[in-house]
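All chains should be modelled from the sequences, with the hints used to inform the complete structure.
Here's the letter readout for the chains.
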Amino acid sequence: MRKKKKGLYLSDKPPLTTFGKLILGLNYFILFSYCIVIIWPLFRMTTAAFNGKQGRYISLTGRYEFSLKHFEYLFKETLYLSWVKNTLMIAVVTALLTILIVSFTGYAYSRFRFKGRKASLMTIMLIQTIPTFAGITAFFTLHSIVSDFFPFFSRQMMLILIYTGGGIAANTFILKGYIDSISTELDDAAKIDGCSYMQIYRLIIMPVVRPMLAIIALWSFIGPFMDYMLPKALLTKPESYTLAAGLYTLMNNRETLNQPAFAAGGLLTALPIVILFIALQKQLISGLAQGSVKG
Amino acid sequence: MRVELINLGKKYEGRENFTIRGVDLVIEDREFCVILGPSGCGKSTLLRMIAGLNSITEGELRFGGKRMNSVPPKDRDIAMVFQSYALYPHMSVYDNMAFSLSMRKESKHIIDERVREAADLLQITDYLYSKPSDISGGQRQRVALGRAMVRKPKVFLMDEPLSNLDAKLREHMRIELVRLHKSLDTTTIYVTHDQTEAMTMATKIVLMDDGRIQQVGKPDEFYNKPINLFVAGFIGSPTMNIFEGKFQEGRFHSRDSSLVLTPSQEDLEKLRAYEGKEIYLGIRSERFHTDKDDEQITVMVDVVEMLGKEKILYTKLGEDEVIISVPGHKTFEENQHYGFSPDKEALHFFDGETRQRIN
Chain A
1 MRKKKKGLYL SDKPPLTTFG KLILGLNYFI LFSYCIVIIW PLFRMTTAAF
51 NGKQGRYISL TGRYEFSLKH FEYLFKETLY LSWVKNTLMI AVVTALLTIL
101 IVSFTGYAYS RFRFKGRKAS LMTIMLIQTI PTFAGITAFF TLHSIVSDFF
151 PFFSRQMMLI LIYTGGGIAA NTFILKGYID SISTELDDAA KIDGCSYMQI
201 YRLIIMPVVR PMLAIIALWS FIGPFMDYML PKALLTKPES YTLAAGLYTL
251 MNNRETLNQP AFAAGGLLTA LPIVILFIAL QKQLISGLAQ GSVKG
Chain B
296 MRVELINLGK KYEGRENFTI RGVDLVIEDR EFCVILGPSG CGKSTLLRMI
346 AGLNSITEGE LRFGGKRMNS VPPKDRDIAM VFQSYALYPH MSVYDNMAFS
396 LSMRKESKHI IDERVREAAD LLQITDYLYS KPSDISGGQR QRVALGRAMV
446 RKPKVFLMDE PLSNLDAKLR EHMRIELVRL HKSLDTTTIY VTHDQTEAMT
496 MATKIVLMDD GRIQQVGKPD EFYNKPINLF VAGFIGSPTM NIFEGKFQEG
546 RFHSRDSSLV LTPSQEDLEK LRAYEGKEIY LGIRSERFHT DKDDEQITVM
596 VDVVEMLGKE KILYTKLGED EVIISVPGHK TFEENQHYGF SPDKEALHFF
646 DGETRQRIN
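Chains as they are written, first to last, in my numbering: chain A, 1 to 295; chain B, 296 to 654.
Heads up, a few of these hints could be off.
Stated by the list, open to error - No farther apart than 25 Å at their CA atoms in a straight line, the calculated lysine-lysine pairs in the DSS-like style are these: (1) 541(B) to 572(B); (2) 306(B) to 118(A); (3) 69(A) to 85(A); (4) 369(B) to 306(B); (5) 477(B) to 447(B); (6) 639(B) to 606(B); (7) 115(A) to 306(B); (8) 426(B) to 282(A); (9) 477(B) to 463(B).
FYI, nobody ran anything at the bench for these hints, they're computed from the structure.
This is how it looks when you write it as structure tokens:
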């Protein structure tokens, strides 16, 4: 027979006192309230999206009937599909460009010693604190100048460049820190084995920093899904909108107002991100750097 | 291959002083040369300069008579084993070993043959397809060696390769490295701060301190004829006993005259010029005997260290501490006085100013 333990134990610590139990209870209370704050709106959104009895406004009371009519509306009556297409295009290109540029900068800042290395790193970092939106007039001007010379340079491309540029500083910092933690003896070994700097990065460093690159790619990918202000300001035609800007037309425009469809759109928007998370999960948590040196 | 270092110097960017300066050294073909020195003496920098990982500020590096100063590492026909092994973590053991050859665009067939040959020799065939993270430290060490071997380089460079292994394994690998060196028939340059490794493995030891070479020679020369006070203090465990004192009337007097010694006839010849001058006297801990002698010293035993085959006595003689090693079966009590006589055939004398060897 197992002896029943007296008192409340947390892991391998001494039993909790009454005060400790009280604090523990409080912890759980805070955590649960926080969960409700997050889950309740999501729950409402999901039910509203599938509720056939909802009109143009989401009402919290009223009857429920399962239906896909809001999704139907979304696909047939709105430009939802082209928004998805736009967003995916912008997000993928942004992620790829960010990875490419940050690979170069992160590796260079970590491995090479050059004049102005620290100063330039700090400068980009400081400039980063100014919100991207503050440069909106500059972006407009830049775009009109560039598109005069290259007519194919669209507003969407401008958006991609802004997203990419915005991410470079912080991500360079992160990647540099990660590469710093990799022994430079790996570089030396590769150099003796006959690698050029490009090959060292591509064949040795990149596979080792893959978890970090995956995170950077993921964040860059999510950015365009979340941002509303820049696409709204930069993009003029509803056909070129991204999801966030496009879906918002279902909320603020009296003619096209349809809140349940907005909820349905929001729900679908989450899908690619969730899929990506699941796909990259292994990369995100793998500890590849283990076992390379010592141990 | 014969490796020549001619007046080699290194100054790092942004530093005022040279890290290494005026290094002249010739390493003959097939020699096992150990570069020994305390940490921060520039020995790793020197090795990295030979490898081409660090640039050479002044002087010349020659491999087999050819100037190598600006030849990139991959074209120097060298292989290097790193302290941390530096195995590529995302590649299997096989790929790690094959990497340098595949970078050289060797045929698959040759690569496979060489990798298996090296794996056989090092007994790592069983885990050729494991990742470095899945094998033990000793096995990683072998893989690192194997990776260097498959290239069949002319010069092997090793940067403290055994310092991450535990004591037993280190002892074992030491012998194996020597065996390997003999079977491969190449020049090996080995950097370490461990004098045991240097004494046991080297055919030539280079002792460095403060960016300069202190002494070059065979292991027994280092032990029996240290060229200066630094070498005398660095080589040997326990450390050699050093007494400061004066040479007066044909005898050595320590500071407080608790030790007065008449050197052997041979040494006296060389000491003649030092009459009345400050000199240092060095005696190794095992060169004391308990036989009665007219210049016997009486020491007070402070601590006894039992090592099994011998006992190390940390004793007091006036102001000086004297370390004496005695056979393990003899009994010595702490806080007791005992008489010992230094072996006059084994005295080392050093100049008080230049600290160079006299006899």
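Of all the hints given earlier, name the ones this structure violates by number, lowest first. Violated hints: none; all satisfied.
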